[in-house]
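Protein sequences appear in the order of chains C and P.
Take the first sequence: its position 98, counted from the start at 1, is 97 in numbering that gives the first Met the number 0, and no numbers get skipped.
Take the second sequence: its position 248, counted from the start at 1, is 247 in numbering that gives the first Met the number 0, and no numbers get skipped.
Treat the hints loosely; a few may be bogus.
Claimed, not checked - Rough simulated footprint, nothing fancy, chain C against chain P, three-plus residues with beta-carbon under 8 Å: (1) 119-130; (2) 155-168; (3) 198-212.
Keep in mind that the hints were calculated from the coordinates and are not lab data.
Fair warning: this is a prediction, and the values are worked out from it, not measured in the lab.
The beta carbon of each residue, even a glycine, is placed where N, CA and C say it ideally should be.
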Amino acid sequence: MVEILQYTEEHRAFRERVRAFFEKEVVPCVDEWEEAGIVPKSVWRKMGEQGFLCMNVPVEYGGAGRDFLHSVIVGEELARTNHTGLAAPLHSDIVVPYITSYGSEELKKKYLPRCVSGELVTALAMTEPNAGSDLASMTTTAVEEGDQILINGQKTFISNGMNCDLLVLAARDPVVENPYQAIDLYVVEAGTPGFEKGKVFGKMGWHSQDTAELFFNDCKVPKSNRLGIKGGGFVMLMEKLQQERLVCCIVAVAGAECMLDATINYCKERKESGRPISAFQDNQFRIVEMATEVKLGRTFLDKLIADHIEGKDIVVEVSMAKYWTTEMAQRVADGCIQLYGGFGCCEENPIGRSWRDTRVLSIFAGTNEIMKGIAAKFMGL
Amino acid sequence: MDFSLTPEQVDIQKAARDFAQGEFDPDRTLEYDHNQEFPLIIWKKASELGFIGVQFPEEYGGQGLGLLENALIVEAFCSQDSGIGTALALSDFGSEIVLRHGDENQKRKFLPFVTQGKGLSTLAFLEEGDPQGPYETTSRLNQDGYIIHGMKTLVPFGSLAHYLVVVCQAASDEHLGQSILLVARQTKGLAPLSMGQKVGMRMVPLDQISFKSVRVPPENRIGHEGSGEYQLRNFFDEIRIETGAMGVGIAQAGLDRAVDYSKRREQFGRPIVKFDVIRNKLADMYTEVEVARLMAYKAAWSFDQGKPDHRSILMAKMIASRAAYRVTYETVQIHAGTGYMTESHVEHFYRDARVLDLFLESEPVQRRRLADEITRLTK
Numbered sequence: 000m001v002e003i004l005q006y007t008e009e010h011r012a013f014r015e016r017v018r019a020f021f022e023k024e025v026v027p028c029v030d031e032w033e034e035a036g037i038v039p040k041s042v043w044r045k046m047g048e049q050g051f052l053c054m055n056v057p058v059e060y061g062g063a064g065r066d067f068l069h070s071v072i073v074g075e076e077l078a079r080t081n082h083t084g085l086a087a088p089l090h091s092d093i094v095v096p097y098i099t100s101y102g103s104e105e106l107k108k109k110y111l112p113r114c115v116s117g118e119l120v121t122a123l124a125m126t127e128p129n130a131g132s133d134l135a136s137m138t139t140t141a142v143e144e145g146d147q148i149l150i151n152g153q154k155t156f157i158s159n160g161m162n163c164d165l166l167v168l169a170a171r172d173p174v175v176e177n178p179y180q181a182i183d184l185y186v187v188e189a190g191t192p193g194f195e196k197g198k199v200f201g202k203m204g205w206h207s208q209d210t211a212e213l214f215f216n217d218c219k220v221p222k223s224n225r226l227g228i229k230g231g232g233f234v235m236l237m238e239k240l241q242q243e244r245l246v247c248c249i250v251a252v253a254g255a256e257c258m259l260d261a262t263i264n265y266c267k268e269r270k271e272s273g274r275p276i277s278a279f280q281d282n283q284f285r286i287v288e289m290a291t292e293v294k295l296g297r298t299f300l301d302k303l304i305a306d307h308i309e310g311k312d313i314v315v316e317v318s319m320a321k322y323w324t325t326e327m328a329q330r331v332a333d334g335c336i337q338l339y340g341g342f343g344c345c346e347e348n349p350i351g352r353s354w355r356d357t358r359v360l361s362i363f364a365g366t367n368e369i370m371k372g373i374a375a376k377f378m379g380l
Numbered sequence: 000m001d002f003s004l005t006p007e008q009v010d011i012q013k014a015a016r017d018f019a020q021g022e023f024d025p026d027r028t029l030e031y032d033h034n035q036e037f038p039l040i041i042w043k044k045a046s047e048l049g050f051i052g053v054q055f056p057e058e059y060g061g062q063g064l065g066l067l068e069n070a071l072i073v074e075a076f077c078s079q080d081s082g083i084g085t086a087l088a089l090s091d092f093g094s095e096i097v098l099r100h101g102d103e104n105q106k107r108k109f110l111p112f113v114t115q116g117k118g119l120s121t122l123a124f125l126e127e128g129d130p131q132g133p134y135e136t137t138s139r140l141n142q143d144g145y146i147i148h149g150m151k152t153l154v155p156f157g158s159l160a161h162y163l164v165v166v167c168q169a170a171s172d173e174h175l176g177q178s179i180l181l182v183a184r185q186t187k188g189l190a191p192l193s194m195g196q197k198v199g200m201r202m203v204p205l206d207q208i209s210f211k212s213v214r215v216p217p218e219n220r221i222g223h224e225g226s227g228e229y230q231l232r233n234f235f236d237e238i239r240i241e242t243g244a245m246g247v248g249i250a251q252a253g254l255d256r257a258v259d260y261s262k263r264r265e266q267f268g269r270p271i272v273k274f275d276v277i278r279n280k281l282a283d284m285y286t287e288v289e290v291a292r293l294m295a296y297k298a299a300w301s302f303d304q305g306k307p308d309h310r311s312i313l314m315a316k317m318i319a320s321r322a323a324y325r326v327t328y329e330t331v332q333i334h335a336g337t338g339y340m341t342e343s344h345v346e347h348f349y350r351d352a353r354v355l356d357l358f359l360e361s362e363p364v365q366r367r368r369l370a371d372e373i374t375r376l377t378k
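Please put together the full structure from these sequences, using the hints given.
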């Protein structure tokens, strides 16, 4: 059988290294991080030392210039750790690419090497209390004052919000009326006067992830911190959201695979009337149905990864995949809990955390309703 | 056929709603949930006002009402808050067995504790081993009484309950089957061990309970030796109806918040309730709530008529707990990012609904039992 994704020996060896690293440096700490509500900065550094961050950053900026399959591998292996706090894919494959693709030479030289090393943890600030799916209603303002940009406003539900050293921030120029031409992206360093981190949110899941609110009060950044050309923010966001949503699909499918594997093992061991519960037809069919969905998701996902690497425009397919795989992962989480019975609801059982963590996948990076709307639009409906 | 509630039932429903609205402080709710804490003060007040165990006769501290009236109260509580509602509903868990099968002394001694807010009760029946096999927890009768050995798991309020209703394998004669014993929580040799945090229904903490030579006086056996299975089956009918009412309440809570939020939340220049996708979700949610309610009420009504309809009762729990799960899923989805956050006060509805669905018996087991009923293969 021809595999959709052509992993080389180098990729396989890389996966082994990543897996071994997570097993040693992450898995033993997960419970502690979940309790603490944040992961320590030190683990970001360790990721960087191993070359597991921002793998596509070109060599001249301290990166390894590796292909997207390396990101896929890190994302999939991270899913196996059953926690979300160490949001490396967010940093490596969602936020930093804005700087790599649109940053000036100066910005790239200044920031990229430290993003690769894990010295700088990044976050992306788009969502506001009254601007979720509707980016055009964003109210955070960026006003030009000579060589400076004056930022005022509030962002919310920002992943890596507490840990972030560097922010890619979306804000609008109040003098530009057309909302689609008013948005720009700025790089903002933590510690810049006027940039304050607010509270960390209590959440259903993602307990080790420091999702926070951010405040900007006459926060001044140099004009040169703007990414790309003036007024290009909306287009940049639209362009980069394809990869962001693909990353969500990777989390969903890899997560579903892990949950199902663990549940199948449990069903083979757990006995009822002297037989393993995996021998009961009802359970068998449930498991087969879930495994079918997981395989469909995997096949769809791998095809999209291949197309994405080839640089194809797959906005429709990624929107479809984001809605379908994230709902599939939730069906699998629910079905797995069902097979564990009462023990499934105890947090001691990893499936409980997986189930809580999986719920957000159909909400963030654009809700599934938004995904269907995008697909409809690009299908010409 | 008359689907309307009596004026008395309407009054009970209103009183329960008013109580829940007045007493279930939303911020305190989040603390209870976070700390896995039973809402003691609210439960005391509810007991004082006669909301707990209304189906128990007045001589035992109840109101002498039916399961439908109890269902109305449970639903009203859960529709205000899924966590507090389920915790209060389960505060007398297992006492139904004492009421239906206990003798006069047992009823007088134990029931007023739970109906008058003096203590909680619980039922210990599940074990870690083969669910189809004989219980490993045994009760052996000697001259002084029973001696219990074994281990029970997933026991609600295992460490808080004043007394436990324990299902044991009668060890004196293995053909006897199961017996049910009333055991005071403070009895020597009985040790609860917390099972830690759960994904939902956190105000009903679960414990594992070990029994090491626990001595129980002979008069604490409920009903005949070996009648445990029969008693448990009857109890399941009763508690499934109550669980159905919890599901209806949680689903209603999810629906109410979703309707309210979708009218307030504006995106793309209009309230999101103006979008077809949201309207369709609300229509489906409303339908699920109403179907679940009809089935739960019918099940309760059949019980109160003295002719419990097992099929309706099985369906009531199954439909209502799944309705609660699906409806609150959409409640979270409609709230989107906000809905995932604790402070939205809706994410715990979804977690609670998930656990409710697993409570007593999971949906696959219920289906199996319903199929048995339909095909008359019940053993």
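Now for the hints, and whether the structure bears them out:
{"no.": "1", "hint": "119-130", "verdict": "holds (count 3)"}
{"no.": "2", "hint": "155-168", "verdict": "violated (count 0)"}
{"no.": "3", "hint": "198-212", "verdict": "holds (count 4)"}
Of the hints listed earlier, the one the structure fails to meet is number 2.
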